[in-house]
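Visitor: Given the coordinates of chain A, work out where chain B should sit on it, guided by the hints.
2 protein chains.
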Amino acid sequence: MAQLPANTADAFHRGRFWLVQPKDTGHRAGADALILAAAVPTDFAGRLADFGAGAGAAAMAVVSRCANAEAVLVESEPEMAHFARLTLNHPQNASLRERASLLVADVTLAGEDRERAGLGRNAFDFIIMNPPFNAASDRASPDVIRQKAHVMADGMFEDWIKSAAAVLRSRGGIAIIARPQSIGAILAAMDGRFGGAEIVPVHAHAERNAIRIVVRAWRGTRAPLSLMPPLVLHEGSDNRFSARAEAINAGAASLLGD
Amino acid sequence: MAQLPANTADAFHRGRFWLVQPKDTGHRAGADALILAAAVPTDFAGRLADFGAGAGAAAMAVVSRCANAEAVLVESEPEMAHFARLTLNHPQNASLRERASLLVADVTLAGEDRERAGLGRNAFDFIIMNPPFNAASDRASPDVIRQKAHVMADGMFEDWIKSAAAVLRSRGGIAIIARPQSIGAILAAMDGRFGGAEIVPVHAHAERNAIRIVVRAWRGTRAPLSLMPPLVLHEGSDNRFSARAEAINAGAASLLGD
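From first to last, the protein sequence lines are chains A and B.
Numbered according to the numbering used here, the first sequence spans residues 1 to 258.
Numbered according to the numbering used here, the second sequence spans residues 259 to 516.
Mixed in with the good hints, there may be bad ones.
To be verified - Just the calculated beta-carbon pair ranges, DEER-fashion:
hint	chain 1	residue 1	chain 2	residue 2	range
1	B	GLY273	A	GLY220	37 to 43 Å
2	B	ASN326	A	ARG240	55 to 61 Å
3	A	ARG240	B	ARG427	45 to 51 Å
4	B	GLY288	A	ILE211	31 to 37 Å
5	B	ARG374	A	GLU112	51 to 57 Å
6	A	SER170	B	ASN326	53 to 59 Å
7	A	GLY111	B	GLY413	27 to 33 Å
8	A	ALA45	B	ARG427	53 to 59 Å
9	A	GLY236	B	ASN326	58 to 64 Å
10	B	GLU416	A	SER95	48 to 54 Å
11	B	ILE469	A	ALA45	29 to 35 Å
What the hints assert, rightly or not - Straight line, CA to CA, 25 Å or less: simulated SDA-like cross-link-like pairs of lysine to any residue:
hint	chain 1	residue 1	chain 2	residue 2
12	A	LYS162	B	GLY450
13	B	LYS420	A	ASP154
14	B	LYS420	A	ASP191
15	B	LYS420	B	ARG437
In case anyone wonders, no lab produced these hints; they're calculated from the structure.
From a predicted model like this one, the values you see are computed outputs, not experimental measurements.
Using N, Cα and C, we set each Cβ at its ideal position, and we do this for glycine too.
In isolation and in its complexed conformation, chain A is listed as follows (with noise of 0.2 Å):
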């Protein structure tokens, strides 16, 4: 770990946790991480897993808003594997250290080796994930390729969430934020897995495009899928945050009211 590159440490939730993350690099956690952990119940009690948990903000996050849930953060870079064990170390983050840890695990793994790996079945009560974008498919590029990094991304997405219901106990909960169009990928994976799924789109602004959504959804419930009000993160001509986002961002509120 000798050529690990410079590092920051940056408070979140109102100083209430704090992040160690590389300071130059396209991995720094920001806003989705936020609200991917909003989506958690603030009454959550158990055991959460957050798969690719890079340096650990979306896990901190749940652990800071949710007095009575456990994180493991789940990553097997082991760069960001580092970093994690960094942010569970900050002093700043000593109140919250007993009830967050790390497994460095890929979690891609299937059957015995996801197993052996530390991702027993039926062992969390709730999975989030932020899966990494493949950034190829946002670039213009011929249909071949295109298409060849949406299957790969498609596979992404059926590889994490068979994961998630593998090691998800019956009724758990799973929260995926993602781009909106991986939404049919992830509706595809969850068919059969998990029911009662609510979609948030997130836009930037009220008049655009959704930038993300937020999929919820429960192990082995047949409900149907709600779509939800939007979450509109900016408003306003001085582009201030809305209230609503400003909530989320400061952990008081959960993104779905539970």
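Guide: Just chain B now, with coordinates in the frame of chain A:
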């Protein structure tokens, strides 16, 4: 046709077209048909089919607003086809009559059966559809019945969208209005056939869950999906139509601004 139920003739688009439909059944057309029709670009020029046209509200709304559109009302149920005929022959629709016709055919036919029924390959530039809801899945019911209804509804979208793909020219458009819970089945059926999907959530009120979605997409493209700002139908304490809903009801605006 001696046993036809009582009917009414109702003005739409501020009297620019009239609809003859049964008086006392659940088949009566309304806001859904007008919103669906609004998904067709105003400058659309070409041949459109309205799959499951009923009495013809959506198709007539298209020819009423889009001066260069021709519409084929495709309906298999004899009673509803009769009402479609009455609509086409209504004296108040005389100016639209030469751009609208009826085809009595089942859109779920496949292959040569579909072609023999008059739904030829590459025969259309745009398809609109408002597939019948399976009311059973809305009622409280045992999981088994609900799951069966779910599977039936999913199969219906696959059948209808597959037929639409077969009869559309390359780069032709499709627009569907449906319940939000059908979004997964719709996107699954579109996968590999249609691209560039634009989804518009439709909310009766801004603060409540969506009651409908409109999905518009294009045959044979691989452009990514967009989730658009919602259409909100009612606003204010007096529950009046929003300006946007009013314009759509009046045939004065398209849904997607084109």
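Visitor: Evaluate each hint against the coordinates.
Guide: Right, here's what the structure says about each hint:
1. In this structure the hint that GLY273(B) and GLY220(A) lie 37 to 43 Å apart at CB is violated, the actual value being about 53 Å.
2. In this structure the hint that ASN326(B) and ARG240(A) lie 55 to 61 Å apart at CB is violated, the actual value being about 45 Å.
3. In this structure the supplied range 45 to 51 Å holds for ARG240(A) paired with ARG427(B), their Cβ-Cβ distance being about 47 Å.
4. Between GLY288(B) and ILE211(A) the Cβ separation comes to about 33 Å, which falls inside the hinted range of 31 to 37 Å.
5. For ARG374(B) paired with GLU112(A), a C-beta distance near 54 Å keeps the hint of 51 to 57 Å intact.
6. Between SER170(A) and ASN326(B) the beta carbon distance is about 56 Å. The supplied range of 53 to 59 Å therefore holds.
7. For the pair GLY111(A) and GLY413(B), the supplied restraint of 27 to 33 Å holds, since their beta-carbon distance comes to about 31 Å.
8. At about 56 Å, the CB distance of ALA45(A) to ARG427(B) agrees with the hint of 53 to 59 Å.
9. Against the hinted window of 58 to 64 Å, the Cβ-Cβ separation of GLY236(A) and ASN326(B) comes to about 41 Å, which falls outside the hint.
10. Checked against the hint of 48 to 54 Å, the C-beta distance between GLU416(B) and SER95(A) comes to roughly 53 Å, which is consistent with it.
11. Checked against the hint of 29 to 35 Å, the pair ILE469(B) and ALA45(A) passes, with Cβ atoms roughly 34 Å apart.
12. A threshold of 25 Å between alpha carbons decides the hint, and for LYS162(A) with GLY450(B) the separation of about 23 Å falls inside it, so the pair holds.
13. For the given pair, LYS420(B) sits about 21 Å from ASP154(A) by alpha-carbon distance, which is consistent with the 25 Å threshold.
14. As the CA atoms of LYS420(B) and ASP191(A) are separated by approximately 20 Å, the hinted pair is consistent with the 25 Å bound.
15. At most 25 Å may separate the alpha-carbon atoms for a hinted pair to count; LYS420(B) and ARG437(B) meet this at roughly 19 Å.
Hints 1, 2, 9 from the list above are not met by this structure, while the remaining hints are.
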